[in-house]
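Q: Join the two chains, each given in its own frame, into one complex according to the hints.
These protein sequence lines are chains A and B, in that order.
The first sequence begins at 1 in our numbering and counts up one residue at a time.
The second sequence begins at 1001 in our numbering and counts up one residue at a time.
Honestly, the hints are just simulated from the structure, not real lab data.
Beta carbons: idealized from backbone N, C-alpha and C, even for Gly.
Treat the hints with care, as some may be off.
Stated by the list, open to error - If you want a taste of the chain A side facing chain B, the calculated C-beta under 8 angstroms gives, among others:
1) 7
2) 108
3) 112
4) 114
What the hints assert, rightly or not - The list that follows gives simulated cross-link-like pairs (lysine to aspartate or glutamate, EDC-like), each with its CA atoms no further than 16 angstroms apart:
5) B:1102 with B:1003
6) B:1001 with A:59
7) B:1102 with A:85
8) B:1102 with B:1027
9) B:1001 with B:1039
What the hints assert, rightly or not - Computed list of chain B residues with no C-beta within reach of chain A, every gap over 12 angstroms:
10) 1017
11) 1018
12) 1022
13) 1027
14) 1062
15) 1063
16) 1067
17) 1072
18) 1079
19) 1115
For reference, the chains in residue letters:
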Amino acid sequence: SQTIHQWPATLVQPVGSPLSLECTVEGTSNPNLYWYRQAAGRGLQLLFYSVGIGQISSEVPQNLSASRPQDRQFILSSKKLLLSDSGFYLCAWSPIGLAGGPWELRRGYTFGSGTRLTVV
Amino acid sequence: KQEVTQIPAALSVPEGENLVLNCSFTDSAIYNLQWFRQDPGKGLTSLLLIQSSQREQTSGRLNASLDKSSGRSTLYIAASQPGDSATYLCAVRPETTDSWGKLQFGAGTQVVVTP
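Isolated chain B, as found in the complex (with noise of 0.2 angstroms):
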């Protein structure tokens, strides 16, 4: 059974520091793994969709790197902004059988940048 798992479940950075928010899972076989962002009492916004074959994708200030075989993956957010306060979360889209391909969450980084 995939598992996701993202460390820490908390960070504290001041402003104008880089971020570096961690996920690992634990069966490689996946399509893709993609990086949310959550706001208090909001819904789900996606920050950036890395497939299997692919090393990182790149939007702004946001990078995103996989490493498939070892089961990580690392988003980094540079120059932090207090408009990153928000909770980071990370979900793979396994590789099934069948065509539905159900995501799997991790429990998710909360970020506070202090001015």
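The following block holds chain A by itself, in its conformation from the complex (with noise of 0.2 angstroms):
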């Protein structure tokens, strides 16, 4: 069976430090894997997301970036954090990816545990 995770669970940064979160997914290959981010009392924002080995879309500008080192590897990065980058980093996998076609769109998403960041 397919499952994700996801490190470290809480992670207290000062402010002008960098950022590193990993995810990684087992079980399945070539999956597309996605960031997403919740701040407090506001929805969930996608921030990236990824088809392929190398292949990254951002879908929000800031001081964050992402990358993925291996099919099944997606971190989450920043070289020196902002108060506002405060919130929970949620990664999920789809069952889709390059070679995906219409039947790989009707699955669901699974999502990770997440972590807890706060910048202080």
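A: Okay, structure coming up:
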């Protein structure tokens, strides 16, 4: 079965420090991968998505970047954190990749357990 | 642009009552609609996935209906329990010409079931 792992679960970082959050998926290949942020009292905001190794698309211009060094690994980074980067970060995958067709689009999303980031 | 709305934003019911959560979307061109549950400080757990060609899906005490033409979905939870207390989110996967089909989420309904 497929599983998604996300770590760390919680993180407290000072302003101006770097950030690295990691997400890995097991039991599937060539997944679509996503990073979402959920700020306090707000809905889910899609930050980045990836359809393959090295292929990253950004939804919102910000202080963050994403990378996909391996097929099932997705990393969210920042060189210098801002207070506004605080929030709950969620990684997700869906079973569609570069060769995906209409049938695969009918599959659902699976989310990780999230990382609570507090920038102080 | 697809917009997803969930009403009510919050709901409190006594244990044993049935829960009815509503989700509406503005563009009926969707592949599917997915209901999630989120406990405080936790990730999203998928509850039900309804394809655009389906009218409903059932899992245990949960039943979700979909009326694609009118842009509505309803999640029913029978005989609610305190353990059902959580935020419930609906999300649609729009039909697109590209291959990623990014989910559009509603803001969620926060449910409290009192013993």
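Q: Give a verdict on every hint.
A: Hint check results:
Because the smallest distance between the Cβ of residue 7 (chain A) and any Cβ of chain B comes to about 12 angstroms, over 8 angstroms, the interface hint for this residue is violated. Given the 8 angstroms rule on beta carbons, the hint for residue 108 (chain A) holds: about 4 angstroms separates it from the nearest Cβ of chain B. Hint status for residue 112 (chain A): holds, given a least beta-carbon distance of 5 angstroms to chain B, under 8 angstroms. For residue 114 (chain A), the interface hint holds, since its Cβ comes within 8 angstroms of a Cβ in chain B; the closest pair sits about 4 angstroms apart.
Between residue 1102 (chain B) and residue 1003 (chain B) the alpha-carbon distance is near 13 angstroms, which keeps this suggested pair within the 16 angstroms criterion. For the proposed pair residue 1001 (chain B) and residue 59 (chain A), the alpha carbon gap of about 15 angstroms is at most 16 angstroms, so the pair holds. For the given pair, residue 1102 (chain B) sits about 22 angstroms from residue 85 (chain A) by alpha-carbon distance, which is inconsistent with the 16 angstroms threshold. Distance restraint check for residue 1102 (chain B) and residue 1027 (chain B): the Cα-Cα separation of roughly 14 angstroms lies within the 16 angstroms cut-off, and the hinted pair is therefore satisfied.
Distance check on the hinted pair: residue 1001 (chain B) and residue 1039 (chain B) sit about 29 angstroms apart at the alpha-carbon level, beyond 16 angstroms; violated. Non-interface call for residue 1017 (chain B) relative to chain A: holds, since the shortest CB-CB distance, roughly 27 angstroms, exceeds 12 angstroms. Residue-level check passed: residue 1018 (chain B) sits 25 angstroms from the nearest beta carbon of chain A, beyond 12 angstroms. Remark: the non-interface label on residue 1022 (chain B) is consistent with the geometry, its nearest Cβ contact in chain A lying 16 angstroms away (cut-off 12 angstroms).
The beta carbon of residue 1027 (chain B) is kept farther than 12 angstroms from every beta carbon of chain A, the shortest such distance being approximately 16 angstroms. At roughly 15 angstroms from the closest C-beta of chain A, the C-beta of residue 1062 (chain B) stays outside 12 angstroms, upholding its exclusion from the interface. Look at residue 1063 (chain B): its CB is around 17 angstroms from the nearest CB on chain A, clear of 12 angstroms, so calling it non-interface holds up. With a closest Cβ-Cβ approach of about 18 angstroms to chain A, residue 1067 (chain B) is found to remain outside the 12 angstroms limit, as its non-interface label requires.
Under the 12 angstroms C-beta cut-off, the non-interface status given to residue 1072 (chain B) relative to chain A holds; the minimum distance is some 19 angstroms. The claim that residue 1079 (chain B) is not at the interface with chain A holds, since no C-beta of that chain comes within 12 angstroms of its own (minimum 25 angstroms). Against the 12 angstroms criterion, residue 1115 (chain B) stays outside the reach of chain A, whose nearest CB is about 27 angstroms from its own CB.
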